[in-house]
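A.B. asks: These are the residues of each chain, in order.
Protein chains: 2
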Amino acid sequence: MTETSMHSHDSIRAVQWRGDHLRLLDQRRLPQEECWFDCHDAAEVTQAIRDLAVRGAPAIGIAAAWGVAMAARQNAPMDAALAMLRAARPTAVNLMWALDRMKKRIAAGADAGALAAEAQAIQDQDLAANRKMGELGAALIAAHAGVLTHCNTGSLATAGYGTALGVIRAGVAAGRIERVYAGETRPWQQGARLTMWELVRDGIPAQLIADSAAAHLMKSGAVQWVIVGADRIAANGDVANKIGTYQLAIAAKYHGVRFMVVAPSSTIDMATGTGEDIEIELRDPAELLHAAGQRTVVEGAHAWNPVFDVTPAELITAIVTERGVIERPGSIAMQAMFGW
Amino acid sequence: MTETSMHSHDSIRAVQWRGDHLRLLDQRRLPQEECWFDCHDAAEVTQAIRDLAVRGAPAIGIAAAWGVAMAARQNAPMDAALAMLRAARPTAVNLMWALDRMKKRIAAGADAGALAAEAQAIQDQDLAANRKMGELGAALIAAHAGVLTHCNTGSLATAGYGTALGVIRAGVAAGRIERVYAGETRPWQQGARLTMWELVRDGIPAQLIADSAAAHLMKSGAVQWVIVGADRIAANGDVANKIGTYQLAIAAKYHGVRFMVVAPSSTIDMATGTGEDIEIELRDPAELLHAAGQRTVVEGAHAWNPVFDVTPAELITAIVTERGVIERPGSIAMQAMFGW
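Respectively, the protein sequence lines represent chains X and R.
Start counting the first sequence at 1; every next residue gets the next number (the working numbering).
Start counting the second sequence at 1; every next residue gets the next number (the working numbering).
Where hints are given, some of them may not hold.
Repeated chains share a single entry, so a pair holds when one copy, or any two copies, can fit it.
[To be verified] Listed below are the simulated DMTMM-like cross-link pairs for lysine to aspartate or glutamate, each with C-alpha atoms no more than 25 Å apart in a straight line:
(1) Lys219 / Glu314
(2) Lys253 / Glu276
(3) Lys132 / Glu327
(4) Lys219 / Asp277
(5) Lys253 / Glu178
(6) Lys253 / Glu314
(7) Lys104 / Asp124
(8) Lys103 / Asp79
(9) Lys219 / Glu287
(10) Lys219 / Glu178
(11) Lys219 / Asp51
(12) Lys103 / Asp284
(13) Lys103 / Glu279
(14) Lys104 / Asp269
(15) Lys219 / Glu276
(16) Lys104 / Glu44
None of these hints come from the bench; they were simulated from the model.
Go ahead and model the full structure; you've got the sequences and the hints to work with.
C.D. replies: Structure (structure tokens):
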């Protein structure tokens, strides 16, 4: 029995180390094409992160760690490789966390082999953390539940299994989740393109909705939990995640729907006091003005394209990490679990 | 001076009677192409409404009235024409209102000429109502305001000038509105394709946002009002409008942003007690699963595609009609202005 087949609804591994290079499933081309491409050095990994060929906070961190490992094999200047990878995207803290972990090993004199082992450990530990979070999160969900998720937090966004989507995999496998809804997640359509692809591929029945249909769905009584991932969690429990998460949390509160954030402890940034201190990435307005390479909005139109937002802790029912669950998150509970 | 040039930011007329046929600006093809097409009978008008070539609650009513007028010219069976047009779309009550108005004239023995005059009156009165609502709505807005709108409620959706977009035209012309934001309005992208086209064409600077970025925008303090149209307003002030309106209203309440609904009195349906009694149109899931004729979501995926939702009166700051403004709408205020 293979490692993955022991766990149901879990067949996808999008970040693969191939002995001397990194193979990535190109997330820009899903679901139309399942196209793999290889990164042979840190610069190619940086480009893949910046271009969203690999995305999802944990997956970015893992890919970056492999970028460092390749730089070491090639005797490239390590400081430059670390700096280049660190600048690839600003919001997800897992990127910084993984690079700091590699940097510590470099400072301790680790050779190329040891750095590759460290990257592999980061990847393996992420998968293990996801399985653990799946168990912990699914245990919070009562029978006959419907859930709504946002963006893609699955195998594509992680070493495998996923964070929020891992909880959904576990909840479906346990028979507790009966209805799964996914928001499209404009403008990049991670929900429509990636989450639906994962769910269909792993045999989990689900329905896609427009992002703006979420409140109407909640009013219908079909969902009991909104389950999302995170790109960074501040010391007070505020959560930066894909644009639209905040809006879902407000709608959930209004309807008495519970709101779960699922993220490995590498997403927690105790050095950031509150969500207000988190840099929100603004991406190219072209993402809203074009589709499939065609201009879809009148020439001369402008757009504002923040791709993350901050959900205040007060709107969150539970933060699920591999170290445990924090219900009604706040500074004291966060400090107790993640403080020094 | 022409009729339209007296009013600034107002150059578009998408529904035009040409003496013996109806000419419509094809809203499916904007903004890539400004393509006009002609309807020569009630069946062609019905098809145009069903296919969204003409859309927007007031514009649908006007087009349907011209469909009846053409049926009369052609000595077509009037009951069949009325029934066919009435069934074209279920949610917007303006369609039923316009057809009932035509039916009353038919019952009173009106000939084809008189029915054409009635259709023209419906169209002219809609334009006049929009101008009046523009004045009334803009007067509610304090200086230096930012506003967010949803869907398309402009000249394209009406006889001209628009409902919510008419208030924005008036507020910009008066110098009170300084920032205009429009949500994309998935899945049909009325905001991205149509509202941005109107705003650019009529010289109103605006920024497009993803629907799910609205709460993040509100938190930034950039908008003081959300201004939307309506497809049907129930006797208690509940408002059916484009999917996503409800979510915006919840987010507005959470942020203390005011929420204005702008609709002619033909949108008010005192025979419908509350929003719960309004039929919400479900459209083809294909609208979420395809883009530009291409499948964009994995084969085997399902979608749920309600295209309207209901915003409860308690979330609405003001309903603006051509008859006057109802602040904090509720059954008593609605009955006082629109009851028998």
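A.B. asks: A separate judgement is required for each hint: does it hold in the structure or not?
C.D. replies: Evaluation of the provided hints:
{"no.": "1", "hint": "Lys219 / Glu314", "in the structure": "both (21 Å within a copy, 15 Å between copies)"}
{"no.": "2", "hint": "Lys253 / Glu276", "in the structure": "both (21 Å within a copy, 21 Å between copies)"}
{"no.": "3", "hint": "Lys132 / Glu327", "in the structure": "within (17 Å within a copy, 52 Å between copies)"}
{"no.": "4", "hint": "Lys219 / Asp277", "in the structure": "between (33 Å within a copy, 14 Å between copies)"}
{"no.": "5", "hint": "Lys253 / Glu178", "in the structure": "within (22 Å within a copy, 32 Å between copies)"}
{"no.": "6", "hint": "Lys253 / Glu314", "in the structure": "both (9 Å within a copy, 16 Å between copies)"}
{"no.": "7", "hint": "Lys104 / Asp124", "in the structure": "within (19 Å within a copy, 74 Å between copies)"}
{"no.": "8", "hint": "Lys103 / Asp79", "in the structure": "within (9 Å within a copy, 79 Å between copies)"}
{"no.": "9", "hint": "Lys219 / Glu287", "in the structure": "between (31 Å within a copy, 22 Å between copies)"}
{"no.": "10", "hint": "Lys219 / Glu178", "in the structure": "within (18 Å within a copy, 34 Å between copies)"}
{"no.": "11", "hint": "Lys219 / Asp51", "in the structure": "neither (37 Å within a copy, 28 Å between copies)"}
{"no.": "12", "hint": "Lys103 / Asp284", "in the structure": "neither (31 Å within a copy, 52 Å between copies)"}
{"no.": "13", "hint": "Lys103 / Glu279", "in the structure": "within (23 Å within a copy, 60 Å between copies)"}
{"no.": "14", "hint": "Lys104 / Asp269", "in the structure": "within (17 Å within a copy, 68 Å between copies)"}
{"no.": "15", "hint": "Lys219 / Glu276", "in the structure": "between (30 Å within a copy, 11 Å between copies)"}
{"no.": "16", "hint": "Lys104 / Glu44", "in the structure": "within (23 Å within a copy, 71 Å between copies)"}
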